[in-house]
Amino acid sequence: MTTDSRKEATSPSSLRLVLTLAIAGLVSGIAIIGIYESTLPTITANKARELREAVFKVLPGVTQMQPLVHRDSELVVVDQPDKDEPVIYGGYDDQGDFLGYAMPAAGPGFQDTIAILYGYEPDEKIVVGMEVLESRETPGLGDKIYKDMDFVGGFSALSVEPEIVAVKKGTKSLPNEIDAITGATISAKAVVRIINEAHARWVGQLPAPGSEPPFVLTEAAGDEAGQ
Amino acid sequence: MKKNESYDEFIKGIWRDNPVFVQVLGMCPMLAVTNSAVNAVAMGMASLFVLVGSSFLVSTFRHLIPKQVRISCFIIIIATFVTIADYTLLALVPKVHKELGAFIPLIVANCLILGRQEAFASRYPTRLAVMDALGMASGFMLALFSLGAVREILGDGALFGVKLFGENFEPWVIMILPPGGFLTLGVILLFFNWFKYKKDEFLEDVAAAERGSD
Chain R
1 MTTDSRKEAT SPSSLRLVLT LAIAGLVSGI AIIGIYESTL PTITANKARE
51 LREAVFKVLP GVTQMQPLVH RDSELVVVDQ PDKDEPVIYG GYDDQGDFLG
101 YAMPAAGPGF QDTIAILYGY EPDEKIVVGM EVLESRETPG LGDKIYKDMD
151 FVGGFSALSV EPEIVAVKKG TKSLPNEIDA ITGATISAKA VVRIINEAHA
201 RWVGQLPAPG SEPPFVLTEA AGDEAGQ
Chain P
1001 MKKNESYDEF IKGIWRDNPV FVQVLGMCPM LAVTNSAVNA VAMGMASLFV
1051 LVGSSFLVST FRHLIPKQVR ISCFIIIIAT FVTIADYTLL ALVPKVHKEL
1101 GAFIPLIVAN CLILGRQEAF ASRYPTRLAV MDALGMASGF MLALFSLGAV
1151 REILGDGALF GVKLFGENFE PWVIMILPPG GFLTLGVILL FFNWFKYKKD
1201 EFLEDVAAAE RGSD
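Each protein sequence line maps, in turn, to chains R and P. If you're matching positions, the first sequence starts at 1 in my numbering and goes up one per residue. If you're matching positions, the second sequence starts at 1001 in my numbering and goes up one per residue.
What the hints contain is simulated information worked out from the structure, not anything from laboratory work. From the three backbone atoms N, C-alpha and C, an ideal C-beta is built for every residue, glycine too. Careful: at least some of the hints might be erroneous.
Claimed, not checked - Every beta carbon over 10 Å from chain P, so not counted as near; a handful from chain R, in silico:
1. Val69
2. Asp72
3. Glu74
4. Pro108
5. Ile126
6. Gly140
7. Ser156
8. Gly170
9. Lys189
10. Ala208
What the hints assert, rightly or not - Chain R stretches covered by chain P per the calculated footprint, using a threshold of three residues with CB under 8 Å from any CB of chain P:
11. 12-25
12. 97-107
Build out the structure end to end from the sequences listed, making use of the hints.
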């Protein structure tokens, strides 16, 4: 031990303390910006792909999609929806004929917010598919809302009028009833409630069946169609 | 000699000073994310990356970091590695990231990691610090995996998502719920302490026998 280092150990100048932390913070900041910038394209692409796959899954027969928003009391096609603006997706077949909407919806589940996407056919007023996008439901129990294929499959030709009702497994008798999951009643009912609430919110904003916005081949949509 | 030293630093983390079973550190991720083997291993890998990276940097710069601000510096270094791990997992394995959720950012608060910086990396040369970090992180991962495997097998009848038993297996649901974590950890700690007790007893017997034969 030299005198120098002992002196340092007892009382380094305040400037040195400040400088050390400043340099550490700066280097850390640069590293974080670096990793953020380098992973962002992959993360955005992953999210977009997940969403596209989910839209195609909840709307059988759909091969093209475009984002729609509700502006000035009508549904319009947009390229880039504003941040925090509720978006739904219009699904179209190869000829560009409208098939149905894919509606994102979210609400409280058993542990945390459940985010889902469901397919809706407005002329028949039925839900034709449901996909869980995000959930932290208990593994082995609540996660059956996306692992139990009986339940997920139940969201086909499910009438939303007057509203969807989750009933005890095996007792479905009406077109608006769906079998809940044994051992995951709360999560299953949460999914049903989320769809009912989203439907109630959107039903007045959807145009009359037959007058849906036509498919506009935008550049982005063209890319999707080409894939 | 040198080789043995690094080996010792490595192996002590896995068994003698296992961070979970012996030091009882890092309990929060231990109980929270061990409901399946995959989650446990992913959490272990993320912690390994953060611990080894931080130990390397802290040990390399140990003479440059003033004592008064060392904890802040350690935290900055750890937090940077955690952020890197967070974004990397999100980009490469979004599904696993979704499952682990908030527990990846919470690695920052894992006392095991800060503890190793303070107790070891800031005092020893880089090579030993990295070996120590590797050992501790492997020990942590091993502990996470044993808990995760036990809980997944009993609670879901599966391991890494592969069903082990037939259709008639009735899952012991409580094992994948939070209480299952406490139960499993308790039983494993019981075993570790019993083993240590037996070993001490055995060593005493041997010593006594040696004294007797002299």
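A quick look at each hint next to the structure:
Taking the minimum C-beta to C-beta distance to chain P, about 26 Å, the non-interface status of Val69 of chain R holds against the 10 Å cut. With 10 Å as the threshold on Cβ separation, the claim that Asp72 of chain R sits away from chain P holds: the shortest Cβ distance comes to roughly 36 Å. Remark: the non-interface label on Glu74 of chain R is consistent with the geometry, its nearest Cβ contact in chain P lying 35 Å away (cut-off 10 Å). Against chain P, the non-interface label of Pro108 of chain R holds: every CB pair exceeds 10 Å, the least being about 16 Å.
Listed as a non-interface residue, Ile126 of chain R keeps its Cβ farther than 10 Å from every Cβ of chain P; the least gap is roughly 29 Å. Residue-level check failed: Gly140 of chain R sits 4 Å from the nearest beta carbon of chain P, not beyond 10 Å. Separation of Ser156 of chain R from chain P is adequate, the least Cβ-Cβ distance of about 25 Å exceeding the 10 Å criterion. In this structure Gly170 of chain R is separated from chain P by more than 10 Å, as the shortest Cβ-Cβ distance comes to about 18 Å.
Residue-level check passed: Lys189 of chain R sits 19 Å from the nearest beta carbon of chain P, beyond 10 Å. Annotated as non-interface, Ala208 of chain R keeps its C-beta farther than 10 Å from every C-beta of chain P; the closest such distance is 38 Å. Counting residues of the region 12-25 of chain R whose CB lies closer than 8 Å to any CB of chain P gives 7, which reaches the minimum of 3, so the coverage claim holds. Check on the region 97-107 of chain R: 0 of its residues sit with their Cβ under 8 Å from a Cβ of chain P, so the three-residue criterion for coverage is violated.
Of the numbered hints listed earlier, those contradicted by the structure are 6 and 12.
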